[in-house]
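Peer 1: Listed below, chain by chain, are the residues.
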Amino acid sequence: MADESKVPPEGGSPEAPIKPPSAGSEPTTSAPKPAAPPGAGLAGETPALPGTAAPPKPEAAPIGGQRPPLQQGGAGIAPPKATAAAPPKPAPAKPVVKPDPWSSPLLEELEKRFPGATSDAVIFRNQPSVTVAKESLIAVCEFLKSDEGGAYTFLTDETAVDYPKREKRFEVIYHLYSFQRNDRLRLKVLAAEGERVPSVVGVWPAANWLEREVYDMFGVLYDNHPDLRRILLPDEWVGHPLRKDHDILRQDDAWVQANLHIPSGQ
Amino acid sequence: MAEATFLDANELVINMGPQHPATHGVLRVKLKLDGEKVVGSECIIGYLHRGVEKIAENRTYAQFAPYVDRMDYVAAVTNGMGYCEAVEKLLGVQLPPRAQYTRMILAELQRIASHLLWLGTHALDLGAMTPVFYTFREREEILRIFENYCGARLTTHAFRIGGLQYDLYDNFENEVLKFCDYFLPKVDEYEALLTTNRIWLNRTKGVGVLTAEDAVALGSTGPVLRGSGIKWDVRKAQPYEAYDKVEFEVPTGERGDTYDRYLVRIQEMRQSVRIIRQGVKRIAPGPIMGKVGKVIKPPVAEVYHSIEAPKGELGYFVVSDGTTNPYRVRVRPPSFVNLQAFDKMVRGHLVADVVAIIGTIDIVLGEVDR
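First to last, the sequence lines map onto chains W and V. Numbering of the first sequence is given in this note's numbering, commencing with residue 1 and proceeding in unit increments. Numbering of the second sequence is given in this note's numbering, commencing with residue 1 and proceeding in unit increments.
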């Protein structure tokens, strides 16, 4: 028991390459920057002008299960109140904040080794993210875990996001960490309703409970998972609550009546 | 474990919890015993599940902030800090230094408070009744500082997205420094009670060993990872707030047993005092809020942000669809992931050691179940 340095088993020094975490210094805009007045740098800062908010991006369209969808205002200058600001030059002080395309030696290596398996490589706030084809997920993960792939030996988190309007509604999301490079990487795998995703428990045992939780909350099914059961909700619970179409006002009344002996969960 | 039944020869399956006082809440553990030896275990969790992540989708960013305090309710300050920072990262807001230092000081006070609660209850579980009275006495001082600052003792909701709601009260710095001077000798007292206590050594040394390889493979973070000898701390590896401007050590253990994790947390309390003293020295008057609009409407994007909570890496993955409500908030709770290592740690030990191992992981069920 001492304070002296102990090197992680991977042999790297986790403290050495410290990246500046300050969000403000990172590149945040991809659109050409007109001379923005101070304070107008972000799309979210001036909510008074809804029409000039970030124009719809490709991702924006399928989003929004229960809530009103994003404003689809064509050129983005629709509302009559805002039209005073010269129509030909749209919104002078509105640089769109969105993820930039990501390029790095690691991504090139991935593309070389697994042609066609990766897509949508973007970086936002210094956080790279890449979508991986389901078929090559295990191979990609094993490569990333190996030393030549960056030694991403640590699975920080695995979760999912539901986009009910997309063809493949679930994004299963893996957050990897490499002690050696002190770097995080986000992988995404797309899955349709009822489609099975390969389990990464064989690569990172930490995924066991995390995948059980994804199954419990979203109903995403995993292949080769050692113990795919519900983890937080009771085994006999009906439905998967974190799906966007799960109505929170209509709970599983049958379960509530049988187990709690009251008419309804409300 | 699933196939274990009462009919197995010589093996007995017993339930521990969910109402057992040593399970620190409502953890239920199914133990498969051979005599008094544990040959298998299964944690059954979810008794405190409140659907925090679903609630987030139906609240605005600011409205959701108080809910995160209810996850790890003995360390609400760090929970709230992690959430606020995640949203700030999504927005691209830079905090003024005064807000950063205030957050850091309060978060370190919270770390001490959380470790004190852990130390008192952990020792109580193992039969040492005295420490809990002392640790709660010191914890009370910290809670009093929180109360003076924001009016609440436990679920503090101390910070706002973009900075602080309240500036520090008069005499905050002196009170904190006075606490530091008062507290350091107390840590020596706890150590006098336990560190070389023979009963304590027998109950903790060699119990619940987790090797470094297993700790990494199972995703353990915080004192559980460091007790196994891996010198990794989010505050050092990817510093946030003002942690890159202060000096502190990251204590580690060697054997990865319950005793080492105890020593790691004791050292962490001393290091927290060190951080607090440096923070108080450097805190200067100035603004306490960064540039955040009245309505928080982040760009269509997603960020993951994690901080070193008292129990390990607490991460928030926030997905925005450009509206005022988060599209999805995922909480990566340290207790939940650390609890996965329980089965590995408990096998081969006696039933009496189960309480030691539950205590040493330092779980809070509010966070495990969310």
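Among the clues, some could well be false.
As the list claims (entries may be wrong) - The list that follows gives simulated cross-link-like pairs (lysine-lysine, BS3-like), each with its CA atoms no further than 27 Å apart:
id: 1; chain 1: W; residue 1: K165; chain 2: V; residue 2: K281
id: 2; chain 1: V; residue 1: K281; chain 2: V; residue 2: K245
id: 3; chain 1: W; residue 1: K145; chain 2: W; residue 2: K112
id: 4; chain 1: W; residue 1: K188; chain 2: V; residue 2: K54
id: 5; chain 1: W; residue 1: K165; chain 2: W; residue 2: K188
id: 6; chain 1: W; residue 1: K145; chain 2: W; residue 2: K244
id: 7; chain 1: V; residue 1: K37; chain 2: V; residue 2: K186
id: 8; chain 1: V; residue 1: K37; chain 2: W; residue 2: K145
id: 9; chain 1: V; residue 1: K245; chain 2: V; residue 2: K205
id: 10; chain 1: V; residue 1: K245; chain 2: W; residue 2: K145
id: 11; chain 1: V; residue 1: K54; chain 2: W; residue 2: K168
id: 12; chain 1: V; residue 1: K344; chain 2: V; residue 2: K37
id: 13; chain 1: V; residue 1: K186; chain 2: V; residue 2: K205
id: 14; chain 1: W; residue 1: K165; chain 2: W; residue 2: K145
id: 15; chain 1: W; residue 1: K244; chain 2: V; residue 2: K37
id: 16; chain 1: W; residue 1: K112; chain 2: W; residue 2: K165
Said to hold, decoys possible - According to the in silico footprint, chain V covers these stretches of chain W (three or more CB under 8 Å from chain V):
id: 17; stretch: 106-116
id: 18; stretch: 143-153
id: 19; stretch: 179-193
id: 20; stretch: 257-263
Everything labelled a hint here was simulated from the structure, so no lab data went into it. Note that the structure is a prediction, hence the values are computed from the model and not measured. Cβ coordinates follow ideal geometry from the N, Cα and C atoms, glycine included.
Peer 1: Would you mind marking each hint as holding or not holding in the structure?
Peer 2: Cross-check of the supplied hints:
no., hint, result
1, K165(W) to K281(V), "violated (53 Å)"
2, K281(V) to K245(V), "holds (12 Å)"
3, K145(W) to K112(W), "holds (17 Å)"
4, K188(W) to K54(V), "holds (21 Å)"
5, K165(W) to K188(W), "holds (18 Å)"
6, K145(W) to K244(W), "violated (33 Å)"
7, K37(V) to K186(V), "violated (37 Å)"
8, K37(V) to K145(W), "violated (36 Å)"
9, K245(V) to K205(V), "violated (36 Å)"
10, K245(V) to K145(W), "violated (32 Å)"
11, K54(V) to K168(W), "holds (21 Å)"
12, K344(V) to K37(V), "holds (14 Å)"
13, K186(V) to K205(V), "holds (23 Å)"
14, K165(W) to K145(W), "violated (33 Å)"
15, K244(W) to K37(V), "violated (45 Å)"
16, K112(W) to K165(W), "violated (32 Å)"
17, 106-116, "violated (count 0)"
18, 143-153, "violated (count 1)"
19, 179-193, "holds (count 4)"
20, 257-263, "violated (count 0)"
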